[in-house]
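The chain contents come next:
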Amino acid sequence: MTKSQKKILVLDDEPIVCERLKPALEKRGFYVETFVHSQDAIDRISQQKFDVLVTDLKMRKPDGLDVMDYVRQHSPSTKVVIVTGFATVDTATKALKSGAVDFIAKPFRISQLRDLILKITSDNDD
Amino acid sequence: MKSLNERHLRFRDLIDKNNQMLELMAEAEEMLSGEFIFDMQYLKTLATQLASASRAVVYDLNAIADNRYQELVKAVDEIEDKVRATIEAKTVIPRSELVIPLSKITGDSTEIVGEKTARLGELSRRKMCRVPDGFAVSAFAFQQVLQCIAEQDEMKKWLALTHDDEETRVDEASSWLQLRTRKVRIPDKLARAIRDAALKLQKRNPNCLLALRSSALGEDGTLSFAGQYKTLLGITPERVIPAYIEVLASVFASGAMKYRRTNRLPPAGGAMAVGCLTLINARAAGVLYTLDPNQPQRNVMVVTASYGLGITVVEGTDETDQFAVSRKYPYDVLSSSLGRKHRQYVANDEQGLRREKVEQDRSDLPAINQDELKELCETSLRIERFMKCAQDIEWAFDQQGQLFILQTRPLRLLDERNESSGRTTEQIGAENTILMQSRGEVACRGVAHGRVVLVDDTTDLTRLPDDAVLVARYSKPALSEALAEAKAVITDIGTATGHLATLARELRVPAILDTEIATQVLKDGQEVTVDAEENVVYLGLVQDLIHNHLLKSSTYEDKPEFRLLRKMLRMVTPLHFKDPQSPDFNPANCSTYHDVIRFAHEKAVERLTRGYSIQTDSDQRSAYHLDLPIPLDLVVIDLDGGPERDARRSSVGLDQVTSRPLACLLEGLCAEGVWNSDPADMDLSGFMASATRSFALTGPAANAPQPNLAIVNTCYLNLNLKLGYHFNIVDCYLSEKRNDNFIYFRFAGGVTEMTRRNRRAEILQRILETNDFVVDRKEDLVIGRIKKISAETMHERLQMVGRLIGFTRQLDIFLRDDSLIKPYVNGFINGKYHPSQFNEAGPLQRGNQMNQSGRVMVLDDEEIVCERLKTYLEKQNYQVETFTVSQQAMERLQQEKFDVVVTDLKMKAPNGLEILRFIRSQDQGTQVVMITGYATMEALREAEYTDVVEFICKPFQMDTIGSAVKKAAKKAKKFKKRAEIEG
Chain A
6 MTKSQKKILV LDDEPIVCER LKPALEKRGF YVETFVHSQD AIDRISQQKF
56 DVLVTDLKMR KPDGLDVMDY VRQHSPSTKV VIVTGFATVD TATKALKSGA
106 VDFIAKPFRI SQLRDLILKI TSDNDD
Chain B
13 MKSLNERHLR FRDLIDKNNQ MLELMAEAEE MLSGEFIFDM QYLKTLATQL
63 ASASRAVVYD LNAIADNRYQ ELVKAVDEIE DKVRATIEAK TVIPRSELVI
113 PLSKITGDST EIVGEKTARL GELSRRKMCR VPDGFAVSAF AFQQVLQCIA
163 EQDEMKKWLA LTHDDEETRV DEASSWLQLR TRKVRIPDKL ARAIRDAALK
213 LQKRNPNCLL ALRSSALGED GTLSFAGQYK TLLGITPERV IPAYIEVLAS
263 VFASGAMKYR RTNRLPPAGG AMAVGCLTLI NARAAGVLYT LDPNQPQRNV
313 MVVTASYGLG ITVVEGTDET DQFAVSRKYP YDVLSSSLGR KHRQYVANDE
363 QGLRREKVEQ DRSDLPAINQ DELKELCETS LRIERFMKCA QDIEWAFDQQ
413 GQLFILQTRP LRLLDERNES SGRTTEQIGA ENTILMQSRG EVACRGVAHG
463 RVVLVDDTTD LTRLPDDAVL VARYSKPALS EALAEAKAVI TDIGTATGHL
513 ATLARELRVP AILDTEIATQ VLKDGQEVTV DAEENVVYLG LVQDLIHNHL
563 LKSSTYEDKP EFRLLRKMLR MVTPLHFKDP QSPDFNPANC STYHDVIRFA
613 HEKAVERLTR GYSIQTDSDQ RSAYHLDLPI PLDLVVIDLD GGPERDARRS
663 SVGLDQVTSR PLACLLEGLC AEGVWNSDPA DMDLSGFMAS ATRSFALTGP
713 AANAPQPNLA IVNTCYLNLN LKLGYHFNIV DCYLSEKRND NFIYFRFAGG
763 VTEMTRRNRR AEILQRILET NDFVVDRKED LVIGRIKKIS AETMHERLQM
813 VGRLIGFTRQ LDIFLRDDSL IKPYVNGFIN GKYHPSQFNE AGPLQRGNQM
863 NQSGRVMVLD DEEIVCERLK TYLEKQNYQV ETFTVSQQAM ERLQQEKFDV
913 VVTDLKMKAP NGLEILRFIR SQDQGTQVVM ITGYATMEAL REAEYTDVVE
963 FICKPFQMDT IGSAVKKAAK KAKKFKKRAE IEG
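Listed in order, the protein sequences are those of chains A and B.
For any residue, its number in the numbering used here is found by taking its place in the first sequence, counting from 1, and adding 5.
For any residue, its number in the numbering used here is found by taking its place in the second sequence, counting from 1, and adding 12.
Chain A on its own, in the form it takes in the complex (with noise of 0.2 Å):
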């Protein structure tokens, strides 16, 4: 991890999740960290502070809006993307109410989350 990179952190229950999004975020210069428990991934976020956690909603508990409580008490500036395959407008509201930048039902493009993980980390620099 070098001190120019932007830092990542991404959380699905669901393997594949991480396994694809690490290196194709890698690919684009970021500092990636995935986790599938999300107790490790809040363990890890009260040591270390990243500039976008990319967070399933829907998990064992605590479940993703548990985490995200986390990170708007523990790490405001961190910005929050949602990826869910359960995209309902009652917990999209619910998330974004909650301080979610932005909201991704999956499946999704990796290309998608991609460029709105660049986007919202270059409005960080103004």
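In short, the hints are calculated from the structure, not lab data.
Okay, the calculated beta carbon distance ranges per label pair: (1) A110/A / A162/B: 48 to 58 Å; (2) A110/A / M766/B: 45 to 55 Å; (3) R463/B / A110/A: 34 to 44 Å; (4) A110/A / K979/B: 29 to 39 Å; (5) G267/B / Q10/A: 36 to 46 Å; (6) L666/B / A110/A: 37 to 47 Å; (7) A110/A / R24/B: 21 to 31 Å; (8) E992/B / Q10/A: 55 to 65 Å; (9) Q10/A / E178/B: 36 to 46 Å; (10) Q10/A / K989/B: 51 to 61 Å; (11) Q10/A / S338/B: 32 to 42 Å; (12) L350/B / Q52/A: 46 to 56 Å.
All values derive from a computational prediction rather than experimental measurement.
Using N, Cα and C, we set each Cβ at its ideal position, and we do this for glycine too.
With chain A fixed as given, assemble chain B onto it according to the hints.
This is chain B only, laid out in the frame that chain A set:
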């Protein structure tokens, strides 16, 4: 009998659900490109959606057809059960045969026979290399064996250990489980199956010995399990059972169990399949790494070789030969060190393996010669290309000098820090020349390096160089055949759901389709690196990119979710009957959802149209005759109710047609010169009357004569035409949602003898293929399909179909010999429909003239810019005039009308904006493309100059201008057309 209106409602719903199904299938198919992130949840949801949409289609059909097709309900049930079982089998060992011959094993057999054997089966099936003959004993068999252990309760306790349990408990479990496995008496049925398979193997390979290799589920997958399990070599067929048990027991070896525990897996949770192959009695053998694991950045392969079997190399008990070989043809040896090879293992059919002395005069010679080394390297790189990551390969040359691949797996690096050069796409982009970027769609992810082969009609695809990157205008069938040998494929036109895309994914060839400009941007023979992940094509070799790609530990295609999706789609998407007239077209033969909906749709249309007559239709408004400028009697059934009109009239004018697809098709059909009413018709009428031929082949005429019928709504058209003696069906959907759009075209029959009809069919095939249809042809039956294209493209294609229907109506009569096929195809493409014109000299040149893409004026005060644009645009068939002085350009604009003006903004007065204002004051048709600096561009875009087609920022790429001009020319053409109609 239901009222017609109710049937129409049901039919409308059927079309909607049918589309929903096609869309779901197309989307799922596209997931295989690797471009998307999807998970298990998606697969489960997909399965549910597919089942419920299919059910709805079947329900609608039965409502329309008075419950005649109850059998289809059963078909859907069966498919749903199969799909569900597949998804649920993910976590458990699937039921399977106990013993499976290698020839029946594919890359997707991993849950049955383990990764290692599945990979070998796939490579052999794909003819990537020669592998030993043999069979696999499945993981299901392993499970059967465990059930024979007497103390089941105690066994379950040990199997249930978790990674949180103490290491001493793991040791205890290991010795208990190994002991019981070794002592077990395996089921008779299994023993018999293994012995039979071994005997058959021996019959095919007299005196052979066997190699039993562990092939555990998950071995060599995400975790390597390197060296944890047993491999037994030199087993006589009589000893195959005890050897099998010995390999099984190694799943519980203490090392393997601890390895699982460290990786947070249940320590006793392994499942062992076993590969049982003939032992290659090698003259020389060894290991090849496709990259140097110590220095992956060096572009070399590392080969280790010894005499006899490869054990010497694997064990490291004797000196060996080492070669560092270039990865580039002709695979030069960059360095070598020859060991003094004292001993070798040989297979002896009596006693199994024997270690013997190497004769002294041979021990210092290389174990394999130059030619063998080359063959080995070539084969290994082929395997690497297919596996999409660097490989660790065990190989052997037998006594006859034949190369066998014994095992292959992803290469593990010695130093993890080497894993990636860490260069990002931005850095690579800054250091290399980008030829093309973000054009079209990635149809199969991957990275490749090679030389461009521009494919046209003259390209000999059977003689491709070994590093061909195929670049073609269309995805023509010949391309598909050459794909297996290609490094990558790029096309101007195509879709990620088309035939070529599917094939590329199957063969794992990186593919970028629908780029529009590849054939113009990429040059024949050019060395390129294709990044079909970030969608970039670089000039030359981009070493970092290739390395990063090869150093991945596995490829997305081998992830369990991808395997599962492929397996699922095999039960969903294949369409087994393409021709509704065939006798196999019945519910019992519907083995996939696609079959089901195809069948249902066909039968629903049949039910609505059979014996249809406007007089018996109770709902007068929804059915009407269409007034056409050509002599065609067409009845339209409008599912939306039909246009308002005078109740006494049963006919409707062209302008009242509300169905978009019908309007598009008629636009083509009624275009000038398309409907051929040549005087030849007169002579032919006699010929037609005397023609006696049966309709057996083409079917529906057996029923009472029907009118030409179109069932429509705003987005949908089903057209049944019986023109003379052939049948033409067009079924299509046109909306703004690209995923919903499709055209199905079917054509069969004719009045002439079979050879002429075949010629016409070939013309149809070629024209449809040029327009990117996927075409099936059997004699005079042509079926073409295209899907997922934009509304705009749909419009073009439907117009083309309309023209095609008119053009080919009586074409067979003129097709005296094969040599006429090509001129007719070219004629049609160039807008020449009248057959008599083809006998004149040079219709092609004239056609070319007609096909002029448009008149373009280029205005820039720099001579060089003008020149470059002129050359570039002329290549694309534009007629181009250039000006460096804007005053002269203005004068010219007063004399002559141009379709497109490309102008610089900053010039000596009059400047670009003044030119624009002048053009607008003259006429609205001419379109403007403006070249500016970046800041100005942003400002202008915001301002009122919205009628500028495109602002292009300096410095620009040729293809940016190219596509802007294309867009502008199209817009200009539309204006022209509108002006003609209004004027």
